[in-house]
Amino acid sequence: MQPLGLSIGVWVNALLTLCILSFLYKDNPFFRFAESLFAGMSLGYYIGIVTVQTLQPNLIQPLGETFFGNHNYLLLIPMALGIMLYFRYIPRISWLSRIALAVYIGYYVGVLMMQKIHGQVIPQTRDTIMPVTTGGIDALWNLVVIIGVFSVLVYFYFSVEHKGVVGKVSRVGIWFLMISFGASFGYTIMARISLLMGRFSFLVNNWIRPMFGI
Amino acid sequence: MRRTIPLVLTFMVGMYPIFAFFVPHASISGVNQWLDRALMIVAAFALPLGVVNLVGMNLSKIKQKRAGWPYAIVLLAGLVVMTYFGVIGVITRQHAGFHPTFQMLFDNMVSPLQATMFSLLAFYVASAAYRAFRARNVEATILLVAAIIVMLGRIPFGDMLTGGRMTPLSEWIMNRPNAAAQRGIIIGAALGAASMSIRVILGIERTYLGKSRD
Numbered sequence: 000m001q002p003l004g005l006s007i008g009v010w011v012n013a014l015l016t017l018c019i020l021s022f023l024y025k026d027n028p029f030f031r032f033a034e035s036l037f038a039g040m041s042l043g044y045y046i047g048i049v050t051v052q053t054l055q056p057n058l059i060q061p062l063g064e065t066f067f068g069n070h071n072y073l074l075l076i077p078m079a080l081g082i083m084l085y086f087r088y089i090p091r092i093s094w095l096s097r098i099a100l101a102v103y104i105g106y107y108v109g110v111l112m113m114q115k116i117h118g119q120v121i122p123q124t125r126d127t128i129m130p131v132t133t134g135g136i137d138a139l140w141n142l143v144v145i146i147g148v149f150s151v152l153v154y155f156y157f158s159v160e161h162k163g164v165v166g167k168v169s170r171v172g173i174w175f176l177m178i179s180f181g182a183s184f185g186y187t188i189m190a191r192i193s194l195l196m197g198r199f200s201f202l203v204n205n206w207i208r209p210m211f212g213i
Numbered sequence: 000m001r002r003t004i005p006l007v008l009t010f011m012v013g014m015y016p017i018f019a020f021f022v023p024h025a026s027i028s029g030v031n032q033w034l035d036r037a038l039m040i041v042a043a044f045a046l047p048l049g050v051v052n053l054v055g056m057n058l059s060k061i062k063q064k065r066a067g068w069p070y071a072i073v074l075l076a077g078l079v080v081m082t083y084f085g086v087i088g089v090i091t092r093q094h095a096g097f098h099p100t101f102q103m104l105f106d107n108m109v110s111p112l113q114a115t116m117f118s119l120l121a122f123y124v125a126s127a128a129y130r131a132f133r134a135r136n137v138e139a140t141i142l143l144v145a146a147i148i149v150m151l152g153r154i155p156f157g158d159m160l161t162g163g164r165m166t167p168l169s170e171w172i173m174n175r176p177n178a179a180a181q182r183g184i185i186i187g188a189a190l191g192a193a194s195m196s197i198r199v200i201l202g203i204e205r206t207y208l209g210k211s212r213d
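Protein chains in written order, with numbering that gives the first Met the number 0: chain S, 0 to 213; chain U, 0 to 213.
So that you can see chain S by itself, here it is in the shape it has in the complex:
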C-alpha cells in the first residue's frame, strides 16, 4: 500500500496525463482544463524560480541582512530601474520606463556582442580550420566539414545574387542544410517518442500496476 500523499500525487499525475492524451481523440473540455492549468502553473513556477533564485539571493537577502555593508544599498538602483519599467502604465510619466529599458537592452546587447564574437564566431571558425592534407579518411571528413561550413555561409550571404559559381556553391549549402534539418527532425521525433514512452511507463508501472497490486 502506498503512502496517502504519494498516491494522491500519482493519481493527479496520471489523470492529468490522461487529460492531455485525450486530445488524440479530439479537442475536449478535459484537455482544455489540463492545458489551462499547465499554462497558469508554468508561469507560477517561473515566478517562484525567479523569486527564490534571482530576487532572494541578489536583492532581498543582501538588502535585508546588511544594508550599508558591502555597498548593498547600491542594489536600490536596479530595484528602482525595475520599478520604473511599470511607469509605462502611467501615461504622464510612461517615457521614464524607456530609461530602465535602455539600460537593460544596452547592457545586454554589449554583452551579447562580445559573447557572439568571442564565444561563437571565433571558436567555430577556428574549429573549422582543420588539416586536409594528412591523408586518410579523417582528412576527407575534415574536407566535408570545411565545404559544408563554407557553402552554408555562401547560402546565407545575400549581398550577391545567387547565380553562376555562387549559385552552385549555395546549392551545395542547401544540401548540407537539408541534411542538418533532416537530422534535427529525426532527433526531435526520437526525443518526443522517448517522452511518450516515459509517460506510458509511468501510467503502467506507477499507476495501473500498484492499483491492481500487480
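Calculated from the structure, these hints are not laboratory results.
Take the hints with a grain of salt, since some may be wrong.
Unchecked claim - Cut-off 20 Å, straight-line C-alpha distance, at most; resulting in silico cross-link-like pairs (DMTMM-like, lysine to aspartate or glutamate):
id, chain 1, residue 1, chain 2, residue 2
1, U, Lys60, S, Glu34
2, S, Lys167, U, Glu138
3, S, Lys162, U, Glu138
To be verified - Here are some chain S residues the structure puts well away from chain U; computed CB gaps all over 10 Å:
id, residue
4, Arg31
5, Thr50
6, Gly68
7, Ile89
8, Gly109
9, Val110
10, Ala138
11, Trp140
12, Val159
13, Lys162
14, Gly166
15, Lys167
16, Arg208
17, Met210
Idealized CB from N, CA, C, for every residue including glycine.
We have chain S; now place chain U onto it with these hints.
Chain U only, in chain S's frame:
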C-alpha cells in the same frame, strides 16, 4: 529629450562590457560583474509585466463571460496557487529555498503536464513528416534520407536491419555534415546578432523604445 536620454544611456551602458573585455583591470571587471547582477534584478522585475497582461486579459474574459471563460478561471487558479507556494518561503523566511508544496506541485502536475504535452507531438509529427518528407525533389529526398537514418540509428532495430551499420552512419551524419551546417548557421546568426548589437548601441536600431515620438 525623452528619446535622447535613453539612446545616450544605451550607448554608454552598451559600450561598457565591450570596454571591460579589452581592459581586464580588476576595478573595471568588478563594475561589470556588479552590472551583471544588477541587470538580472531588472530582468526579474520585468517578468510581472507579462503576468499583469495575462491576468488582465483573463479577468476581462471571465467578466465578459466570453467563450471558454471557465478555463480562464483554471489558468488563474493554477497561477495563483503556484505563485503562492513559490514566494511564500521567501516572504515568511520559514524555508530556505522552495516551499515543499511547490516542489510537490511541480513533480506531480507541472512536470507530467509538460512531458505529456510535448510527447503528444510524437503522434502529430508523423502526419507532418508525411507532408514534409515526400520525396518531390533532391532537397526533400536528402531531408527524408537523413531523418530516416538518424531515427533508425537511435534504435536497436536500425542496427538489426543493417548488421550494425546504422549507428555509425547516424553518428557520421550528426558529427560531419550536420555539424558543418550547424556551424555555418551559428557563425551566420552570431555575425547577424553582433551587427544588430552595434546598431542598437549606436542608436540606429530604436524599435525597442516603442513607436511614440514623444
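Quiz prompt | Violated hints - listed by number, lowest first | solution = 4, 5, 8, 9 and 11
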